[in-house]
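Asker: Spelled out from the first residue to the last, the chains are:
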Amino acid sequence: MGKIRRGLGGTSLLLAVIMAIAACAAPQRTTSDTDGDQAGGTDTGGTTQPVAAVIKGLDNPFFQTMQQGIEEQAETTGTEVTVQAANSLGDTTGQADRVQTLAGQDYGCFIINPITQTNLVQPLVQVANAGKYIVNIDSPIGEEAAQAANLEISTYIGTDNVQAGRLAAEEMARLLPEGGDVALIGGVAGDATSQARLEGFQQGIPDNIRIVQTIAADWERQRALTAAGDILRARPDLAGFFVANDDMGLGVVRALADVGRQGEVKVISVDGLQDAIRAVQEGTLSATVAQYPYAIGAMGMEACQAAMAGETLPENVTAPVVVVNQSNADQALESFPRPFAEYEDPFADLLGQQ
Amino acid sequence: MTQATTSPSWERLRDPSFWADWTAAVALVLLIIGFSIASPVFLTLGNIQALLLAAAILVVLTIGQTYVILTGGIDLSVASILTLGSVVLGQAYSRGWGIGVACLLAIVTGTLVGLINGLVIAKGKITDFIVTLGSLSAASGAALVLSNGRPVQIADPFLLRLATGRLGPIGYFVILAAIVAIIAHFVLFHSRFGTHLLATGGDTEAARAMGINTDRIKITAYIISGCLAGIAGVLLTARVGAAEPASNTSFLLNSVAAVVLGGVSLFGGRGTVIGPVVGALLLTALVNGLTLLAVSQFYQPLAVGIVVVLAALLMRYQQ
Chain A
1 MGKIRRGLGG TSLLLAVIMA IAACAAPQRT TSDTDGDQAG GTDTGGTTQP
51 VAAVIKGLDN PFFQTMQQGI EEQAETTGTE VTVQAANSLG DTTGQADRVQ
101 TLAGQDYGCF IINPITQTNL VQPLVQVANA GKYIVNIDSP IGEEAAQAAN
151 LEISTYIGTD NVQAGRLAAE EMARLLPEGG DVALIGGVAG DATSQARLEG
201 FQQGIPDNIR IVQTIAADWE RQRALTAAGD ILRARPDLAG FFVANDDMGL
251 GVVRALADVG RQGEVKVISV DGLQDAIRAV QEGTLSATVA QYPYAIGAMG
301 MEACQAAMAG ETLPENVTAP VVVVNQSNAD QALESFPRPF AEYEDPFADL
351 LGQQ
Chain B
1 MTQATTSPSW ERLRDPSFWA DWTAAVALVL LIIGFSIASP VFLTLGNIQA
51 LLLAAAILVV LTIGQTYVIL TGGIDLSVAS ILTLGSVVLG QAYSRGWGIG
101 VACLLAIVTG TLVGLINGLV IAKGKITDFI VTLGSLSAAS GAALVLSNGR
151 PVQIADPFLL RLATGRLGPI GYFVILAAIV AIIAHFVLFH SRFGTHLLAT
201 GGDTEAARAM GINTDRIKIT AYIISGCLAG IAGVLLTARV GAAEPASNTS
251 FLLNSVAAVV LGGVSLFGGR GTVIGPVVGA LLLTALVNGL TLLAVSQFYQ
301 PLAVGIVVVL AALLMRYQQ
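The listed protein sequences derive, respectively, from chains A and B. Each residue of the first sequence is one higher than the one before, counting from 1 in our numbering. Each residue of the second sequence is one higher than the one before, counting from 1 in our numbering.
Calculated from the structure, these hints are not laboratory results. Owing to the predicted nature of the structure, the values given are computational and were not obtained by experimental measurement. You can trust all of the hints, since none of them are fake.
These stretches of chain B come out as covered by chain A in the derived footprint (C-beta under 8 Å, 3 or more residues):
#1 41 to 49
#2 230 to 242
#3 287 to 293
#4 297 to 310
Cβ coordinates follow ideal geometry from the N, Cα and C atoms, glycine included.
Whole structure, please, built from the sequences with the hints as guidance.
Answerer: Structure, rendered in structure tokens:
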């Protein structure tokens, strides 16, 4: 008896703790339409069904900004939205479980940013079978896998990472008119995003700039810092670094500061995070290729709203990519997290037509 | 203890167990010879300074891990505690509490998580693997909650000096790591606590029969590990100039690998402090050398894996 009672006590304590955590976390996870009026929705409030979004890990400001874009766009029309994320960028099965859980609920449209090309295909089949819309943002769902599973994706709003790398290469060419040696610092070796950005850079770089070394720093700032220091000692005449994301880019900037060569060795990274744009403003980071996760998230939400309103969506849309350097950093920071330049947004047009 | 193996008799060199005890040191010497032939930069003062600086954080973490593994346990939460400590520092600093308070809070946080680990393991009689696996997740979750997932840039003159300052040719980081290592060595081999720790790890039942409070020894080991992880968190923040909630998983794997390379038995009760320190230097030197030689990013993890397994094979000859 005593044992049972103790067991029950333990279980109820556990339940209480879980409930308490859930209570703390709840307001962060969902935005209801309560403050939709304040936001002053300009579009028609015809959409009633809630939207679910499952994106990559939230431990990176890139995806937090994406979440912000989704939620703020939802607010403009009073659409209810739940944003869920994987625990980390490696949590492929955890992300699939989340989609699975949401699939059984009453959401009209799913905004999906899969970690790999295939990890969400299985649970999404259930979503598609229920006649719900799937809007794929940022990283693509593998075409072959989708076809094999008979999965219909309403639209894909893609971040062109190869293009981002190419833009970085053009900027590097502009900064190094005389040419020179550059080193590449990637994320996890073999990671698709990292690979695409590095590939784009390799494609876009002119002949007088030589890529002498490629290193994987696993998306960790500290690893990038150490690697950059090592490379600089091995190649004192190195002219520049191309880094696959801003976080690592700021690590490289730190390594340059440690040896007093800030600004002298060029550093270009990708993402367009606030801290990175500030570093560009200060002149420590040469440039960042901004991909505007805010716009990606907002466009994903617009696509859902348009789809649920019965509009036909374009198959493929590319999200804006802009090089932020000294000439436009002030502007970029001012409008952050929104893009400072006009960009093509077919979904806004669709919603506007109503 | 393995310390006695330093006697210069040539007979010892033919004994495979001598080589096994000094695996990390032997491998490090071989590596240094190899890299210095292949790269003219490797043995320069600048590179050695940088190498030691880069190794300092791992060394501090590894020493904590060593204490835990010597009790026969394992601390899977070290890297998460490091992240949490860094985030606590960042949050405290951004609220204007001063850098001293912020650093202290980071270390206290690490110590507290270590205390919780130890209490649950020793008093709750739950396997260390499960408990620290749980706190690995909980601590990184707490770091995300506290920071709201956002990194904080910290441009503090004190931290900057700590990260880049030198006493003569030796960086403050390196001095700090060396002090930690020396203290840890003396505590392990020249204090009653150290003797009891080794006894607890060697045979818990026997130790308890001899009147050693093994629970307290275990809890203390986890507290030490947590506290050192907190210190490592301060060092990491100083080094990168930011407090980030992102996980630093490579630190966990490297800390365990360094301990094993250092000849510490995973079953506890047997090992040194200097061994794991050399193990940590070995792992750092390996990545440093491969980077200097511009070895492809795809081959680097392969090389690290092979070295770890080879070292483990060599250690089979341990007595």
